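Engineer: The primary structure of each chain is shown beneath.
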Amino acid sequence: MHPVRKQRLYLVVFLVFFSSAAIALVAYALRGNINLFYPPAEVAAGLAPVGQSIRVGGMVVEDSIIRSPDSLETRFEVTDFEAVVPVVYVGILPDLFGEGQGAVAAGRLDENGVLQASEVLAKHDENYMPPEVAEALAASKARMQEQAP
Amino acid sequence: MIPEFGHFALIIAFCLSVVLCTVPLWGAWRGNATAMALAPNLALGMLVFSAISFACLTWAFMQDDFSVQVVANNSNSLLPAQYKFSAVWGNHEGSLLLWILILAVWTAAVALFSPQLPLVMLARVLAVMGFVAVGFLAFSLFTSNPFARLLPGIPADGQDLNPLLQDFGLIIHPPLLYMGYVGFSVAFAFAIAALLGGRLDAAWARWSRPWTNVAWAFLTLGIMLGSWWAYYELGWGGWWFWDPVENASFMPWLAGTALVHSLAATEKRGLFKSWTVLLAIFAFSLSLLGTFLVRSGVLTSVHAFATDPARGLFILVFLGIVVGGSLVLYALRAPAVRSRVGFAWLSRESLLLVNNVVFLVATLTVLFGTLFPLLMDALGQGKYSVGPPYFNAVFVPLMALLMPFMGIGPISRWKQDSVSRWRAELLVPAIATLVCAITLPLLYEGDYNVWVALAVLFAGWLVFGLLRDLGNKVRNASSIGAGLRRLAPSYWGMFTAHIGFAVAVIGVVLTSQYHIEHDLKMSPGDTDSLAGYDFRFVSVGQVRGPNYVADEAIFLVFRDGREIAEMAPQKRRYLASGDVLTEAAIDAGVFRDLFVAMGEPIGSDGAWAIRLHYKPFVRWIWGGPILMALGGFLTVADKRYRRQRSAARESNREGAVHAAQT
Chain A
1 MHPVRKQRLY
11 LVVFLVFFSS
21 AAIALVAYAL
31 RGNINLFYPP
41 AEVAAGLAPV
51 GQSIRVGGMV
61 VEDSIIRSPD
71 SLETRFEVTD
81 FEAVVPVVYV
91 GILPDLFGEG
101 QGAVAAGRLD
111 ENGVLQASEV
121 LAKHDENYMP
131 PEVAEALAAS
141 KARMQEQAP
Chain B
1 MIPEFGHFAL
11 IIAFCLSVVL
21 CTVPLWGAWR
31 GNATAMALAP
41 NLALGMLVFS
51 AISFACLTWA
61 FMQDDFSVQV
71 VANNSNSLLP
81 AQYKFSAVWG
91 NHEGSLLLWI
101 LILAVWTAAV
111 ALFSPQLPLV
121 MLARVLAVMG
131 FVAVGFLAFS
141 LFTSNPFARL
151 LPGIPADGQD
161 LNPLLQDFGL
171 IIHPPLLYMG
181 YVGFSVAFAF
191 AIAALLGGRL
201 DAAWARWSRP
211 WTNVAWAFLT
221 LGIMLGSWWA
231 YYELGWGGWW
241 FWDPVENASF
251 MPWLAGTALV
261 HSLAATEKRG
271 LFKSWTVLLA
281 IFAFSLSLLG
291 TFLVRSGVLT
301 SVHAFATDPA
311 RGLFILVFLG
321 IVVGGSLVLY
331 ALRAPAVRSR
341 VGFAWLSRES
351 LLLVNNVVFL
361 VATLTVLFGT
371 LFPLLMDALG
381 QGKYSVGPPY
391 FNAVFVPLMA
401 LLMPFMGIGP
411 ISRWKQDSVS
421 RWRAELLVPA
431 IATLVCAITL
441 PLLYEGDYNV
451 WVALAVLFAG
461 WLVFGLLRDL
471 GNKVRNASSI
481 GAGLRRLAPS
491 YWGMFTAHIG
501 FAVAVIGVVL
511 TSQYHIEHDL
521 KMSPGDTDSL
531 AGYDFRFVSV
541 GQVRGPNYVA
551 DEAIFLVFRD
561 GREIAEMAPQ
571 KRRYLASGDV
581 LTEAAIDAGV
591 FRDLFVAMGE
601 PIGSDGAWAI
611 RLHYKPFVRW
621 IWGGPILMAL
631 GGFLTVADKR
641 YRRQRSAARE
651 SNREGAVHAA
661 QT
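Just so you know, the sequences run in chain order A and B.
For the first sequence, the positions run 1 to 149 when the numbering used here is used.
For the second sequence, the positions run 1 to 662 when the numbering used here is used.
The following block holds chain B by itself, in its conformation from the complex (with noise of 0.2 Å):
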């Protein structure tokens, strides 16, 4: 019955959606408060009924309801109680769930979080967000039901859930992911919202831009959380592998990136308003294909399920819809809401749109490189895929391209700037930065690496670059504490997501540089060196764990003969599925990372192939992101952003003056 009563909330919830994104908007239109205020707790009753679909698969999950199609499927009476929890989101129908469930809670914050927004205002926008609901709500009520019951013949035992797919990683990468990617169609929403209302103003983008930055960083958390993943489930210790899906959610990133820069401007100067209305359909409108590419299953990813056509079929009638429809209306109502305002060369504003052109041609570049194979298809030009080189030979001179300007942007001023005064402030600055790039390449062993040497100048350039500015900010306080206390949130933010950048290029030039890969044979016994640590293979024996046996070899980790570590792979087969996977032993460290994996068996006197890593500063690679996100969660706590009541009840009801007179 329980699965029959999620269905059921589903359908209410699929329901209530329609009505979102009809009647406040008719509201809107007519100047119909009644039908405005509806907006708010329509929302609210989404997200009650899609939380009560969601948590009836969880406890079909949990249960082991084998009768469940996507539970026989994907779930297994072994499987340990937080993977069967993790299951409802392993699989294309229940992650779909998750991804309505997720929209609803993001819908019903904007209802509940947003009292100084002009009635109308937030009928708009939640009907926008009602109408993306409705998409999907219907996609997984008619294509992809995720209580669809295996009757008559219900399995004795799950299939199981793909053991990759069994790991802590899993647990937090989609919903974090999921926060990000649907955390767009807030700011998609304000965008499109603006637009029917043709009111885009500064207090337009200081609506939008918490929403904007905190979808942002939830995106970076789930795209690091992504990446760390792959470092120690699949195996391989690679860290991106530019894989379709990857770049699937990279990509409304780099757009994000861009938006959340140029929203800043439009915030503070009222400046490049239609480009950031632009860039936000652009961002939600990536973040669909994204989910297009992952759900149709057209491209060879490691993310791809087995998928139907109609499904594909179904999310590009939807991807269509929803760009067409937001160009068409943006080519009607933009050029009513063009800004006049002039900046001069040497400014903020030109420096952020630097930024903005920079990830704009990155996304490009990296859309064409994903979408390349599928478009030479479509013209039977034959079966094409697009390697890492590609990306890297384009990506890596793009960000060498953004990061000088980059350097100084927080130093610089709003509408005008000269050069001197960036020459007086940064000449500091840029010799210690220089010293800094050819001295601190020369502290590692070996040769002298040139693109290390690289990194370091561009990233020592942004650090001491905001250090300066933090500097100049401080002086004049009465005590370094004080100074340090009266900087607003939205500048710590900044100044952390710019250490993080700073942070993650160090990690991934230093990682790629130095990193250090040995595939051999190896029989207990056997020692390998690399980069001064000496891997002594001891044994190899069985171990079991809850729903698979595994072979465990044991290895030592000698440095000058002091033993450092004791790492312990696994080449696990599970039980319910027979699926062989490799559990890599990691000793994680602030400078490197130690990684072994194994292989398979070879021979018959016990030797296994074996792979070892060294990874100096691999770690940096995902701290830099977590500083990024914490930088983006940082400048909500802004007072600008905080609730202001009298003033929110003055501009309600002036909204809903201004809704009566259009």
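Bound-form chain A, shown alone (with noise of 0.2 Å):
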């Protein structure tokens, strides 16, 4: 073969080898890394996997903080006004994080329902809602005014 032909032959085989082990490695990260956000009104309808890392959503509602009196510990509650997400956390809070405000939670359910959550991600400007957010509550005020004569 001529040499410059060969050369590009090689080449090819080293891109296409490293690709695929760069493709291989995409899809293992990939696997145990990525997690899906679940509105209240579907945890409260058992359509989230108990025990899975999942987010969920929504409004954090008024007078559900409490904090623990020797503890970081805090149970709050989120809702998409449809149905109610009780939430556990250890931790420090983000400094937007209030009632009557957006957050999302990532964690994971345990038999009880209530979610462990490992962190919470609140706003981080007075006027942004996360797009998950904004749309679980659109689709929940939305189901609700169907049902409503």
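I should point out that these hints are in silico values taken from the structure, not numbers from a laboratory.
The reader is advised that the hints may include incorrect statements.
Ranges between beta-carbon positions, derived for each pair [what the hints assert, rightly or not]:
| # | chain 1 | residue 1 | chain 2 | residue 2 | range |
| --- | --- | --- | --- | --- | --- |
| 1 | A | Ser19 | B | Leu556 | 52 to 58 Å |
| 2 | A | Ala142 | B | Pro404 | 52 to 58 Å |
| 3 | B | Gly483 | A | Arg5 | 39 to 45 Å |
Because the structure is a prediction, the values reported are computed rather than measured.
Built from N, CA and C at the ideal position, the CB exists for glycine as well.
Mind assembling these two chains? They're in different frames, but the hints should get you there.
Structural biologist: This is how it looks when you write it as structure tokens:
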């Protein structure tokens, strides 16, 4: 074979090998590290898997935040005004977290339907609402309007 | 009146950009020298009017003109003056205006500092940049006018700037980041101009390279500042979150790093020409994609502003035109510019190729992880998010793969090299590296850490390889000083940037492996021990700032019974918006940072949730990029990029003849 062609062949083989290795790596890394968003209504309906990493978001229910007096544990509830999901989080909450505000909690559901959150995200801007929360709220509002006469 | 002047100036800048992207291009096509010669003046005019427009918006912010909507939404009369200034780009409309201004600066810089460029090439380059300017000016004027008034019903005071943005980091982070983002438009414009002219040679690479290096250096600094700002301002003590918008700035950087290296091969050896052009298109497209991700609000991110969908659609269409158009042009013209130069397997070219493949794959994996949620959402598969573990699992092995080759790179020869020479050259560095990797982690108290040993192995491999190469270059000089002086700035640039990479690797790995974090409840009088440091919570008091009130905790830090630092973290409440902000206290050092942040008060006895961090080598994470950026700037000082007036005049004449013939 012509040496230039041969070099090209090796190059292509190397690229194919390397990119398949990269794709395998991506697929492997993706498997355990993505999580799906569930609106509270779906969690209440039992559609969310127990024990898997998920995200749940909505508005934090008024008067639902209970801070433990002797540890960093905080309990609160998030709602899409259709259903309520209780959340437990141990740690320091973000600054803009508060009652009546949008929040997304990432964690695992336990058998009692309580989300054991490992991370709580709140908005970072007065006017900003996480898009999935905004969409979940709009969907639940639409459903409730349908049910109303 | 002033805001209307600003709006008017922006409209004039838009008209100039429309002329800039048409007339010189027509001139280059028809060989009309007069039309081509218009380009530099139009570029300067665009700069002048964008600057006037920007100055008008700045004036509105400084004078608290709350009849202007963005001022009312993002400023406040109590805001300190320097933050009123940075609030200009702390919002969607203003940051877009900054983008336009910086694009105009780059365009004018190309017009001013390229006397060696043939006129026809200069006209094409400026026209392509003019086209990009048309897109962004139209975007600003039609979807996000910064000068829109709130009439009637002027608010008495503004709603204040987001407290997170009231910080020194925000004053300099966006301008530097945009200098990098937009700077890649120059590399893009050179690539498109070369495709249009069908002339892709070593001269093209020599013109394009300094611009690309400078843009890359600015982008490096911008990303580094963003990371530093997140570290001390967001109050979590993290320095990189793989947030979609961070990725948006990181992807052009990765592609840009590949471009910088492939340009080196194109300039020195005339290789990888069409590949380099493709990378230039790719890097700028990723910059535009980044803008789309930030400005459209399609992804959940700490950077997302409240947005409206029309804006996202506009950028998406513009992105489609730029990417689609340039790829079509590439498909039509690239076969004509293929290079016919060979190289052996064991050569610097091969190593640069490895660099390119690794960086490109890294870019694609980050791109995939960033767009995966959008893709699944579009397919109706639900709302996914891809977390940092994915990015770490993919990115870290890729960089580990890169570094063994990176150690050989500087010492290798162009065209043809041999294993025996590499062995002879690199045996001593390899042994030195191995010794360091085995012994250095022992110096650290606690268990022997394999990851740290690997990081030292890789970083040491780079550093010792570079030192060996430097030694070779200096050996034959009369004295070491003379030898060092003789080396070209571009060599020093490469040297500094590679050392910077090693420094950053050490910083990243040591911080992630050795950092200690305590989240706990503390009352005044409590002490907590962390990595041999005793943090004593002394008291909490009230303090007042210019536009906020704060609870301030006082911590004394002791080591071996000796007081080494007093730290005062704050929990601020901003008066205008009522927003709460954690202001962390940081005791910085070359080898370790101590970090204290306040959570919320717990119970009624004055206890607080407190976050304590011990972060060894965290400064190295930012020190590395500073060295890399310095390296990027150094290369531009190289003699071969300086103006050569006589040669320029000659090639100008040649260019005019060339243009007249085509």
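Engineer: None of the hints should be skipped; say for each whether it holds.
Structural biologist: Right, here's what the structure says about each hint:
1. Range check, Ser19(A) to Leu556(B): about 55 Å between beta-carbon atoms, so the 52 to 58 Å window is met.
2. At roughly 57 Å, the beta-carbon separation of Ala142(A) and Pro404(B) lies within the given 52 to 58 Å, and the hint holds.
3. Range check, Gly483(B) to Arg5(A): Cβ separation about 43 Å, and the 39 to 45 Å hint holds.
Checked against the numbered hints given earlier, the structure satisfies every one of them.
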